[in-house]
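Going down the list, the protein sequences come from chains A and B. For the first sequence, numbering that gives the first Met the number 0 gives the first residue as 0, with consecutive numbering after it. For the second sequence, numbering that gives the first Met the number 0 gives the first residue as 0, with consecutive numbering after it.
The hints are simulated quantities; they were obtained by calculation from the structure and are not laboratory data. From a predicted model like this one, the values you see are computed outputs, not experimental measurements. Treat the hints with care, as some may be off.
Unchecked claim - No farther apart than 20 Å at their CA atoms in a straight line, the calculated lysine to aspartate or glutamate pairs in the DMTMM-like style are these:
| id | chain 1 | residue 1 | chain 2 | residue 2 |
| --- | --- | --- | --- | --- |
| 1 | B | K160 | B | D138 |
| 2 | A | K29 | B | E187 |
| 3 | A | K29 | B | D90 |
| 4 | A | K29 | B | D85 |
| 5 | B | K128 | B | E187 |
| 6 | B | K160 | B | E73 |
| 7 | B | K224 | B | E6 |
| 8 | B | K46 | B | E76 |
| 9 | B | K162 | B | E73 |
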Amino acid sequence: MTTDDTKDFAVLDEAIAWQTHSRLGRILAKQSFWVFVAAVLACIALTLATDTFATSQNLFNVTRNFAFVAIVALGMTVVIISGGIDLSVGSVLCLSAMVLAILMNAGNPLWLSALAAIGAALVVGFVNGVLIAYLRIPPFVVTLGMLSLARSAAMVLSNNKMVFQFGPDEKLLFWLGGGSTWGIANPVIALFLLALATGFVLRWTRWGTHVFAIGSNERAAVLTGINVRGLKVSVYMCSAFFAGVAGVLEAGWLGGVTTNLGQSMELSVIAASVIGGANLMGGAGTVFGSVVGAALIEVIRNSLILLGISTFWQGAFVGSFIILAVAFDRFRALRDESK
Amino acid sequence: MSVLRLEGISKHFGAIHALEDVSLTLEPGEVLGLMGDNGAGKSTLVKIIAGNYRPSAGQIHIAGRQQEFHRPIEARESGIEIVYQDLALCDNLTAATNVFLGRELTRSIGPLKVMDYAAMNAAAARLFKELKSETRPRDLVRDMSGGQRQAVAIARTRLAKAKIVLMDEPTAAISVRQVAEVLNLIRELKRQQIAVVLISHRMPDVFAVADRVTVLRRGRKVADKPTHLTSPEEVTGLITGAIHAA
């Protein structure tokens, strides 16, 4: 963009037309918009191709299934925007669910157990953040180590046994994770509220702006006096918080907690964020995109089942979408460069 | 009164004498061209002024008061701002957000403090207008020309109410037309009585805007002359050592 663009506007109308055009152009250039279109098209195609997809029961299941991945993806998106990665979310989810299960099994109320579970997750996030920000160990390495550590902690705590009795508040927990309100699964409502909060924080707070800043140019952020290290710790605690919340909800849905809960979930979560437009180099990503990305993965999985295609194909479809989404972004960048 | 006065500044890194007894004064609204070959001590001197290094010997006076900077933030608090060669901007944020980065304006909605984008855009627009730059506050830095990026980096120093702006090779990697834009920005700073230290290799740029040229060679000041009393040929000779001192 050169300064000539400004000078060339002879009249205000032209300037306004240029602005409006660019706003539409901006929406069309958004990866999350096209992923949304893809998800909608997939839903329409499935509605026409099967008479099982658009049933209220199936839609209820689809939305509930993707809610857990999407909730964790909210935190992952924040981490990816900051220029990091968190591979430990699946294990943190498991640890959180296990802490909840053990405490409730011992007769503690839901609120106390849930607080402790999310607290445990936050401790893991804090350790991740301190190692990354203060010892400058690459996030990939720290959270890879934590992936192993947190799951091991869950195994030690439970002696690797399944917990399926949740004491006096059992019904409440099962309602929280498995029940519904006004026909919508409770985890979906939780996702909706958490997504709104995350979107608001990223767009409208200094913290959110700083997360985008360190993802784009960490040195610049340091030079402007932003407390980059503290910010990084908070980012990994944010990611662990969402994994912790998802752990509590998923325990309620499944009605039992085993130590393989959330195994390799980090991959679906990262996939959801990346399909939704989060850039692994940092500095870009949206809440809307990561939720739509998670939805698209679940719709693909669901469609394979409904269409009677072997679920072995699921990985191929999801993998193709990851590459396709990023390739799409690259094509756009190349086109912009050649302009 | 001079806004900056350096007296007998020396900096030794072990046996290496990066700077030896350098004295310098800078008046408000003065543009000083700081020249010298690679390794002559230009960036060491700038880092001392900016509080990154402490001098091994010598004194720094800011507006007549002796100062000792232990950290860069202390230099910034005394009104010294640096515009880095790579400008230290975030590509994915708007011009206004970059100007206010770390000093964002917020307004309270109940217990929440939210970003006041309207106020920041308006204030940034005023700063760009002051600098006579065509930069638009809402544009992403990613989409900007080199000259507009410089305007953003300089607007940031204006926001900090800097008295002294240190510019490190601002015209090194941009097109001819953008160089003209940057030189105009420097003239605007001068008009607003801000002192500018311009570190540059580019002789024409220094002679276009600088009131005075200081040449460093091997850590020593070998010349300090009003621009109209010297010539690019003489300065080149001083930089390379063909002319001993002037």
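Taking the hints in turn, this is what the structure says about them:
{"no.": "1", "hint": "B/K160 <-> B/D138", "in the structure": "violated (24 Å)"}
{"no.": "2", "hint": "A/K29 <-> B/E187", "in the structure": "violated (38 Å)"}
{"no.": "3", "hint": "A/K29 <-> B/D90", "in the structure": "holds (17 Å)"}
{"no.": "4", "hint": "A/K29 <-> B/D85", "in the structure": "violated (28 Å)"}
{"no.": "5", "hint": "B/K128 <-> B/E187", "in the structure": "holds (11 Å)"}
{"no.": "6", "hint": "B/K160 <-> B/E73", "in the structure": "holds (14 Å)"}
{"no.": "7", "hint": "B/K224 <-> B/E6", "in the structure": "holds (17 Å)"}
{"no.": "8", "hint": "B/K46 <-> B/E76", "in the structure": "holds (15 Å)"}
{"no.": "9", "hint": "B/K162 <-> B/E73", "in the structure": "holds (14 Å)"}
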